[in-house]
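Can you build the whole structure from these sequences, using the hints too?
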Amino acid sequence: MVAEGALAAGCHFFAGYPITPASEIYEVMMRELPGWGGLALSAPDEISSLCYCVGASLRGLKAMTATSGPGWALMIETVQYALMSETPVVIALVQRLGPSTGGATQGAQGDIFLAKFCTSGGYTIPVFAPSNAAECYELTRQAFNWSERLRTPVVLLSDKEVGMTTETIDEAALAKPANVERTWGHAGASVAAYDVERVEDVPCFGPAGGEVKVTVTGSAHDRQGRLRKPSPEVVELLAHLQRKIEAHAADMAMVRADLDPDASCLLVSYGITARAARQAVGMLRKQGFPISFLQIQTLFPVPTEALHRAAAGIRTVFVAEENLTGQYRSVLAPLLNGRRLLGINKIGSMISPTEIVLAIRRAGGTIPRGDWPGEHPPEADIHEPPRPRKAGV
Amino acid sequence: MENTTYLAADAKFPYCRGCGHALVVRQLSRALEGLALPPRSIVLTTDIGCVGLADSLFPYLHTVHTTHGRSTAMAIGMALAEAVLPASGLKPIVMIGDGGAMIGLLHLVHAAQLNVDITVLVHNNFLFGMTGGQHSAFTPLDWSTSTTPEGNRVPPLDLLALLRAAHACFLARQFATDGDLNAVIAEAIAYPGFSLVEILEICTGYGGLKDKSKGAALREVAESQGYSIGRTEAERPRPTFVQLYRSEIESKAVPLLTKEGSQPHGREESRPATLQHAVSANSRSEIHDSKPLHIVIAGTAGERVQSSAALLCRAALSAGLYATQKNDNPVTQGSGFSLSEVCLSAKPIEYTGLESADAVIAVSQDGWNELKANGTLAALAPGTLLIIDSEIEIDSPTGRLFRQPFRRDATPKRAALAAIGCWLGNEPAVPDAAWDSVLDSLSSERRADVSEALRIGSNFARQGGTRAA
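Here the protein sequences line up with chains A and B, keeping their order. Count along the first sequence starting at 1, add 34, and that's the number in our numbering. Count along the second sequence starting at 1, add 222, and that's the number in our numbering.
These aren't lab readings, by the way, just hints derived from the structure by calculation. All clues given are correct.
With a straight-line cut-off of 25 Å between C-alpha atoms, the simulated PhoX-like cross-links for lysine-lysine are:
| id | chain 1 | residue 1 | chain 2 | residue 2 |
| --- | --- | --- | --- | --- |
| 1 | B | K513 | A | K320 |
| 2 | B | K569 | B | K513 |
| 3 | B | K569 | A | K210 |
| 4 | B | K569 | A | K320 |
| 5 | A | K263 | B | K234 |
| 6 | B | K635 | B | K594 |
Here it is in structure tokens:
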């Protein structure tokens, strides 16, 4: 459904390299894209895949590649180039168990930091996290839209369990956001590759090969795209790369909130774990415990308003995610001052609804508001070893 | 003016005195003048290093200044876009050094294989100049550099020989000092396909730093490595990848983009191509008001375990149910076990994992062994239905055991479906009518195959055979 979303978004260029669990996107694009008048081809490595996409995007085509953690590691150089050169491109990152080769056929949510903090300077790249096949379709379209609108690389962060599970889709109910195109400069415009009026504006795009001379660079540059050592203009353009994302953070924010006004406890999750979390919330409510739930689809920029709304009146926030160290929890921590913040974490297999319920109850997270005992366990992490599974490559 | 001038009239060259890069820049400009190409039909793609400073000297060309070694790869992407866009004749020209050629070697190889219409000018001065004269993969034997103070012991790469093996069609080697370098560059640019000119230079800053006599004698360096000068033997001309691709999709009458940035019509309205198994519910399952059912089907790779599970899911869809299917297999896909976890539910399925299976089907020893190894059997609740082929050696499973010779009676490739049919005879989750639309979508041969397997299975179910383990 990532491939379907890409086709619907108007993707015309795909370059891929095989890697479990992202190979199905590659195969579908190779099969389907020619029929849409687009080009899909095999690159000799992931570095080439993304470079080819960037090259095609420089000519005005909507472009995408798909990979998993090991391939993403190779692409980061070019992700930074796309960020610096303001070249739209979408990368579908289907996570698997790491580090290194890790487990090819095991899901994981361990690439949150790798996606967010892959740039020197810590610039924000929009990251969207679908939890099921229908969201893969919708969020891929959103990924293209924001990539084009803001002239930025965008990461669609799913995982093996989302990407390789076959499941029912209600086709009629699929969300179909309208396509957004990048803003093209007009013929006769002056030669101004990175000219913006305000620091948060997005410069008009001119294609390489068009009538207006284009100057593209991954080096620190002035408004004309000329390589320059840091000057106030150069520094302002560096800040612009971050400001243009932040200025649209509220518009980019996508969450699915299921809030209970009586709850003192909020469960936050994303991607595959959000499904178990939603089920766990249903179980807890049936057991008589009020609890609020927030599924975050736009991981970055962090949807702070939605988070604050969900956390209003909340004393304990749980973040359930399939990694060892609570990567997204640590991102949310500074935004949740004064609240108890606990992680529900596990690697090796999906976190189950029962495990979430037990972790929350064990931590006393479901005690009604105004009825708190004096002390709480320090954390809610799951420490049971995962079920044994055969390792992949 | 813009149409005839390539090099800025007042260009101040950023290169060291005597550097070959300046000669190449002037010769490139002369080549473009000779070809009289419109400046906007060129995109100069520059690499990292001193060579990458050239883009500022050509104010009328499109310029893309890239990362180290990737100039070729981005140029490939720009050239490939021509397969989809209206023909523009845009020519990417790559300016790259020997360091860039080394780190980006695979891009050069793939460009040659694809035969994309780009021209690569490799400025080979045998070392890294900008960073202080470190040796590269192109540094001649015995050369002293800042990183080979005792002399280089690694034989240099013959780039043209390597690219010849990658099926490059246009390869040439020249000295930067050659008076006719512009003619060779022009020939390369005019060539309709991948072309590469390796231009030999001496880095005046660092070339042969500790042995000036070696550094200065460029021709001797070339001779000592057996390098021939001029066009070298290459593959016979062949169509570019873009030409092949365009002719292929044009033969299928696929609508191409009519202008940059435009989209073909009908995309939004079309049904997603991967929804090949779209169905509308035509019957109603009996599990509509009960809990989701989790079934694990395990067998041997190549015996249609996963495709049989997929058929079950499709039948479930016809019955108005939601379904998820997760597959597992060993590292290699064609040997060992093959396993599918299926969840059927009247409501949308959130958690797709398996806390405890409601039914377990094993149709081969491989499958059974995996169910033991992955913890499925250990997690079963007492009384779980186990449908196991008679040939499988089992040891003390918990649950209701149902053993029949699926492999013997239905053949190994139909055993999984037969066992599914048997399960449905015990647990009527999917009514028979729901299979009709699934069977209708199959080829007649496969339809007969599936029907027969299901029939065998349902007969077994009627015979009974359940016993407590």
